[in-house]
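There are 2 protein chains.
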Amino acid sequence: MSTESSTSSDTRAPVVILVEPQMGENIGMAARAMANFALPEMRLVAPRDGWPNPAATATAAGATHLLESATVFPDTRAAIADLTLVYATTARERGQMKRVLGPKEAVAEARPAIAGGGRVGILFGREREGLWNDEIALADAILTYPVDPAFPSLNLAQAVLLLGYEWFSQSQEGALPFAEVERVPASREMVVSFFDFLEAELDARGFYPPEKRTTMTRNMRDMFLRRGLSEQEVRTFRGVASTLMRSPRKLAGDEPAA
Amino acid sequence: MSTESSTSSDTRAPVVILVEPQMGENIGMAARAMANFALPEMRLVAPRDGWPNPAATATAAGATHLLESATVFPDTRAAIADLTLVYATTARERGQMKRVLGPKEAVAEARPAIAGGGRVGILFGREREGLWNDEIALADAILTYPVDPAFPSLNLAQAVLLLGYEWFSQSQEGALPFAEVERVPASREMVVSFFDFLEAELDARGFYPPEKRTTMTRNMRDMFLRRGLSEQEVRTFRGVASTLMRSPRKLAGDEPAA
Numbered sequence: 016m017s018t019e020s021s022t023s024s025d026t027r028a029p030v031v032i033l034v035e036p037q038m039g040e041n042i043g044m045a046a047r048a049m050a051n052f053a054l055p056e057m058r059l060v061a062p063r064d065g066w067p068n069p070a071a072t073a074t075a076a077g078a079t080h081l082l083e084s085a086t087v088f089p090d091t092r093a094a095i096a097d098l099t100l101v102y103a104t105t106a107r108e109r110g111q112m113k114r115v116l117g118p119k120e121a122v123a124e125a126r127p128a129i130a131g132g133g134r135v136g137i138l139f140g141r142e143r144e145g146l147w148n149d150e151i152a153l154a155d156a157i158l159t160y161p162v163d164p165a166f167p168s169l170n171l172a173q174a175v176l177l178l179g180y181e182w183f184s185q186s187q188e189g190a191l192p193f194a195e196v197e198r199v200p201a202s203r204e205m206v207v208s209f210f211d212f213l214e215a216e217l218d219a220r221g222f223y224p225p226e227k228r229t230t231m232t233r234n235m236r237d238m239f240l241r242r243g244l245s246e247q248e249v250r251t252f253r254g255v256a257s258t259l260m261r262s263p264r265k266l267a268g269d270e271p272a273a
Numbered sequence: 016m017s018t019e020s021s022t023s024s025d026t027r028a029p030v031v032i033l034v035e036p037q038m039g040e041n042i043g044m045a046a047r048a049m050a051n052f053a054l055p056e057m058r059l060v061a062p063r064d065g066w067p068n069p070a071a072t073a074t075a076a077g078a079t080h081l082l083e084s085a086t087v088f089p090d091t092r093a094a095i096a097d098l099t100l101v102y103a104t105t106a107r108e109r110g111q112m113k114r115v116l117g118p119k120e121a122v123a124e125a126r127p128a129i130a131g132g133g134r135v136g137i138l139f140g141r142e143r144e145g146l147w148n149d150e151i152a153l154a155d156a157i158l159t160y161p162v163d164p165a166f167p168s169l170n171l172a173q174a175v176l177l178l179g180y181e182w183f184s185q186s187q188e189g190a191l192p193f194a195e196v197e198r199v200p201a202s203r204e205m206v207v208s209f210f211d212f213l214e215a216e217l218d219a220r221g222f223y224p225p226e227k228r229t230t231m232t233r234n235m236r237d238m239f240l241r242r243g244l245s246e247q248e249v250r251t252f253r254g255v256a257s258t259l260m261r262s263p264r265k266l267a268g269d270e271p272a273a
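Chains A and B, in that order, are what the protein sequence lines are. With positions in the first sequence counted from 1, the corresponding number in this note's numbering is that position plus 15. With positions in the second sequence counted from 1, the corresponding number in this note's numbering is that position plus 15.
Okay, chain A solo, but in the shape it has when bound (with noise of 0.2 Å):
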């Protein structure tokens, strides 16, 4: 990625707007979870305890640029101000008539919005109380999260990490920060030759019984075949089987009785 469309990216990311929190602690990390996916701008309305807040700093686990570059405001109208598309986070049914979105649909909806000028910000509500009705009649759509209905009650912190896990998952498209190390698939050629020798020499010390030889053998293939084989993956096997083809080593002092 080029640092040119990285930052484009990073301006246009969904706005997190904390309304009214209660802890530090969730401040910080709520701006920890924006920092793993990726979601560049914080706003805090009317925090209880003020701000700067140490507590906030204290769980950022070193997210503290996201503290540092918050705007707090004095009521939610004026956070989302310059918004085109705003969502409200309710855990709830609150009778509005409103369309509910979870976190996947409300992000395949926000990126072309985006993506064609428009500023997109996320309402998150006070940890006991979420977001007055009145707060919620000034959102486009409600955001919801599929959660279990007996246990229902998602930390700050962790409704903030969702929706921007779906964030980074679908602007990213999934990308993984590694993938598997990269392995040289072995040849048919190399397989197959694995097999015959690992086959005579299992023949010559009478493995198959001659009835299901053919079975057997057709089974092991599979087994081995299954995954895919590297080159490395068909020598090492061959190293084993010619292991084991082998006495034990004598370890030392280990004389044969007389």
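Please note that a few of the clues may not be correct.
If chains are identical, the list can't say which one is meant, so a pair holds when it fits in one copy or spans any two.
Stated by the list, open to error - The calculated lysine to any residue pairs, modelled on SDA-like cross-linking and capped at a C-alpha distance of 25 Å, are: (1) K119 x R198; (2) K113 x A152; (3) K119 x G145; (4) K119 x S186; (5) K113 x A201.
Keep in mind the hints are simulated off the structure, nothing from the lab.
Could you slot chain B onto chain A? The hints should help.
For chain B alone, coordinates are given in the frame of chain A:
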């Protein structure tokens, strides 16, 4: 959902295995995350501060049933002995010749394995050091998260949360705890009749420049139709328009000037 199907899905959900967790707070938050997403079984490998741990209870936010039923094992091998498919969570590449999956892909792979009678478990490592390479070697595949490489460090409970989110989303097909309030969609006749009424009243008040009337009418109709109108919304718009057509009410004591 019947109790039966819920029980059966419970006992088959992936097992969460925390290997030598250091902070009781993280164990509690992991339990809470498991409860959010219906993961019923926690296993602990040699938790640093012993077990049970009051710090875990303090952060579990009521998910104490998961802590009380957690099983403690002396080592990772014992903790996964009865499982048939095991994922090892790592944040960094470990140079192991192992498949690397994200949470979405791991859950997608685990579901048919579980449906076929398998038992699946996910290993989560120590907060600071993660899993040892010898522990990873016991797993079938590596699980890692799509995070910003600039800030990849996920909190232990948040890693559990994201796995649970994928599990619950996929096994419940993303079912949200509540849906949009049911709206009775307005019939097209009701909508067009409202348009006729509104446009006639606007005509009567000289709203439209004649040469722009057609375009303005089409645009305004689109504005109303864009999201679909419910019967209630049409009634409300009609009421608003009618009200605007009235003279402002006199406030008490606000007599017209003589």
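We went through each hint and held it up to the structure:
| no. | hint | verdict |
| --- | --- | --- |
| 1 | K119 x R198 | between (34 Å within a copy, 23 Å between copies) |
| 2 | K113 x A152 | within (8 Å within a copy, 49 Å between copies) |
| 3 | K119 x G145 | within (21 Å within a copy, 29 Å between copies) |
| 4 | K119 x S186 | both (11 Å within a copy, 15 Å between copies) |
| 5 | K113 x A201 | between (57 Å within a copy, 16 Å between copies) |
This entry satisfies every hint, going by the numbered hints stated previously.
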